[in-house]
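Colleague: Residue strings, one per chain:
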Amino acid sequence: MRMLINVPETVVADALRGMAAAHPELTVDVENRVIVRRDAPVAGKVALISGGGSGHEPLHGGFVGPGMLSAACPGEVFTSPVPDQMVRAAAAVDSGAGVLFIVKNYTGDVLNFDMAAELAEDEGIQVAKVLVNDDVAVTDSLYTAGRRGTGATLFVEKIAGAAAEEGQSLERVEAIARQVNENSRSFGVALSACTTPAKGSPTFDLPAGELELGVGIHGEPGRERRAMMTSREIADFSVHAILDDMSPRNPVLVLVNGMGATPLLELYGFNAEVQRVLADRGVAVARTLVGNYVTSLDMAGASVTLCQVDEELLRLWDAPVRTPGLRWGV
Amino acid sequence: MLDADFFRRWMAATAASVDREAERLTALDSPIGDADHGSNLQRGFTEVATTLEKEAPDTPGAVLTLAGRRLISTVGGASGPLYGTLLRRTGKALGDAGEVSAEQLAEALRAGVEAVMTLGGAAPGDKTMIDTLVPAVDALGTGFAAARTAAEQGALATTPLQARKGRASYLGERSIGHQDPGATSAALLIAALAEAAGE
Numbered sequence: 001m002r003m004l005i006n007v008p009e010t011v012v013a014d015a016l017r018g019m020a021a022a023h024p025e026l027t028v029d030v031e032n033r034v035i036v037r038r039d040a041p042v043a044g045k046v047a048l049i050s051g052g053g054s055g056h057e058p059l060h061g062g063f064v065g066p067g068m069l070s071a072a073c074p075g076e077v078f079t080s081p082v083p084d085q086m087v088r089a090a091a092a093v094d095s096g097a098g099v100l101f102i103v104k105n106y107t108g109d110v111l112n113f114d115m116a117a118e119l120a121e122d123e124g125i126q127v128a129k130v131l132v133n134d135d136v137a138v139t140d141s142l143y144t145a146g147r148r149g150t151g152a153t154l155f156v157e158k159i160a161g162a163a164a165e166e167g168q169s170l171e172r173v174e175a176i177a178r179q180v181n182e183n184s185r186s187f188g189v190a191l192s193a194c195t196t197p198a199k200g201s202p203t204f205d206l207p208a209g210e211l212e213l214g215v216g217i218h219g220e221p222g223r224e225r226r227a228m229m230t231s232r233e234i235a236d237f238s239v240h241a242i243l244d245d246m247s248p249r250n251p252v253l254v255l256v257n258g259m260g261a262t263p264l265l266e267l268y269g270f271n272a273e274v275q276r277v278l279a280d281r282g283v284a285v286a287r288t289l290v291g292n293y294v295t296s297l298d299m300a301g302a303s304v305t306l307c308q309v310d311e312e313l314l315r316l317w318d319a320p321v322r323t324p325g326l327r328w329g330v
Numbered sequence: 001m002l003d004a005d006f007f008r009r010w011m012a013a014t015a016a017s018v019d020r021e022a023e024r025l026t027a028l029d030s031p032i033g034d035a036d037h038g039s040n041l042q043r044g045f046t047e048v049a050t051t052l053e054k055e056a057p058d059t060p061g062a063v064l065t066l067a068g069r070r071l072i073s074t075v076g077g078a079s080g081p082l083y084g085t086l087l088r089r090t091g092k093a094l095g096d097a098g099e100v101s102a103e104q105l106a107e108a109l110r111a112g113v114e115a116v117m118t119l120g121g122a123a124p125g126d127k128t129m130i131d132t133l134v135p136a137v138d139a140l141g142t143g144f145a146a147a148r149t150a151a152e153q154g155a156l157a158t159t160p161l162q163a164r165k166g167r168a169s170y171l172g173e174r175s176i177g178h179q180d181p182g183a184t185s186a187a188l189l190i191a192a193l194a195e196a197a198g199e
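Protein sequences, first through last, are from chains A and B.
Counting from 1, one number per residue, gives the positions in the first sequence under our numbering.
Counting from 1, one number per residue, gives the positions in the second sequence under our numbering.
Any given hint might turn out to be false.
As the list claims (entries may be wrong) - Partial selection, computed: residues in chain B whose CB lies under 7 Å from chain A:
id	residue
1	Asp-34
2	Asp-36
3	Asn-40
4	Gly-77
5	Ala-78
6	Gly-166
7	Arg-167
8	Ser-169
As the list claims (entries may be wrong) - Quick list of simulated restraints, FRET-style, between CB atoms:
id	chain 1	residue 1	chain 2	residue 2	range
9	B	Asp-58	A	Asp-245	51 to 61 Å
10	B	Ala-123	A	Glu-166	42 to 52 Å
11	B	Arg-69	A	Gly-167	33 to 43 Å
12	B	Ala-16	A	Leu-119	26 to 36 Å
13	B	Glu-173	A	Gly-329	45 to 55 Å
14	A	Asn-32	B	Ala-111	27 to 37 Å
15	B	Asp-138	A	Asp-280	57 to 67 Å
16	B	Arg-69	A	Ser-95	27 to 37 Å
17	B	Asp-58	A	Ala-175	42 to 52 Å
18	A	Ala-21	B	Ala-111	44 to 54 Å
19	B	Glu-199	A	Ser-95	53 to 63 Å
20	B	Gly-177	A	Gly-200	22 to 32 Å
21	A	Arg-172	B	Gly-98	14 to 24 Å
22	A	Ala-20	B	Gly-141	32 to 42 Å
FYI, nobody ran anything at the bench for these hints, they're computed from the structure.
Quick reminder that beta carbons are idealized off the backbone N, C-alpha and C, glycines included.
Input sequences plus hints: build the corresponding full structure.
Modeller: Below, the structure is given as structure tokens:
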């Protein structure tokens, strides 16, 4: 596997140096691995902090900026960040109005953010947490780690970020973030495994002519493997899996998300099929976003996320945002 | 009696063993995880070894508490907080005595394992590091070599289990047939303990 890197050990630090050079509107602390919007702390504003393993770019660092995250804490590739990073980020962005941690539901992320919340509270920072767990491919039971956080993370960060930018309270921003998560469901498929720099070879074997249904965003295999399907069949399977788990009464936001190695040409074609299924099922679409937003290194494949929105959530979705990865209305 | 030097040897032996076995741990983590267990622990225990050499804490409790704190600050993932808590709580339970007995260590380690179970929510049989640590601590009363054997058997016994915690649990039945990487690295930690004791 050929990768555009120097050595695996410096992949994250190298990317952060590059981000710093490309985005002077962000403060990038390469050594301590914290990305902060340059104007933080913003007086009276609730701060949003997220983070997680690297390898999902532009999530989370690419979503730092006005209207979205105040700070992001990137871990090693596919490894959650350490508590020290979130504590440092919280100290840098807290204006006194409190901090909301947005945490994808993975054992490591939950443990490290919990430890960080305790430490930040010891320093007098008010911390609230919201867990993102939107992946319907995982059985949510006492006998698993629970549903994974995937594409809905973008919706939570954008919509809660807009609410925070308007000056809403920590309690309110937390409630909105929670509501967005509860209104969201995702399903992903992989057409190839991904390769982590440390391992240098694919994380699982996916024979030619097969695909993995219900895959996560860490190269972890999914629930079921089948013979390769068409874009139309994958859209049917994915959207039906989501609608088995939610019955939207309001219009939905649609995210057709690339896993990293699937061209936009294919993603737009896939989106056409997704929209067809939604129309067939009588689901109204309010907005659609197509692109690579919550990726899994060089994995080929896509995920679909639906988020049911009322007028208020839609207004917050449409509000201006200015980040490296998402930008409109400014 | 076991002094601070013994505990520093234990941590150094663990670092060396994790270093040797990093690729195997990562390979075990590929089919049922995300292929980073070896490299993450390698980074953490290398840092632990360096810090212990530099700061040379002089009681058994201080050695393990410092080692645990360094793991929490450098590893990330689930294994950082879990291994960090194991060592930190074991260290705390040892107090500030200059030397401890093997029985005191066994008792402290039990407190550490219980703290890991509380933090991670895993019980024996969930296909995690707990499946190695619980039998190892039970066997420690008989001696270090017995603990090592119990740990190795515990790790091997995770192969037929279905994972109920951590990332492998997403696979459901497909996690069956793979040895758990966390249970495997926990066996390295216990084997290093026996090595430090010269057994």
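Colleague: Tell me the numbers of any earlier hints that the structure contravenes, in ascending order.
Modeller: 21 and 22
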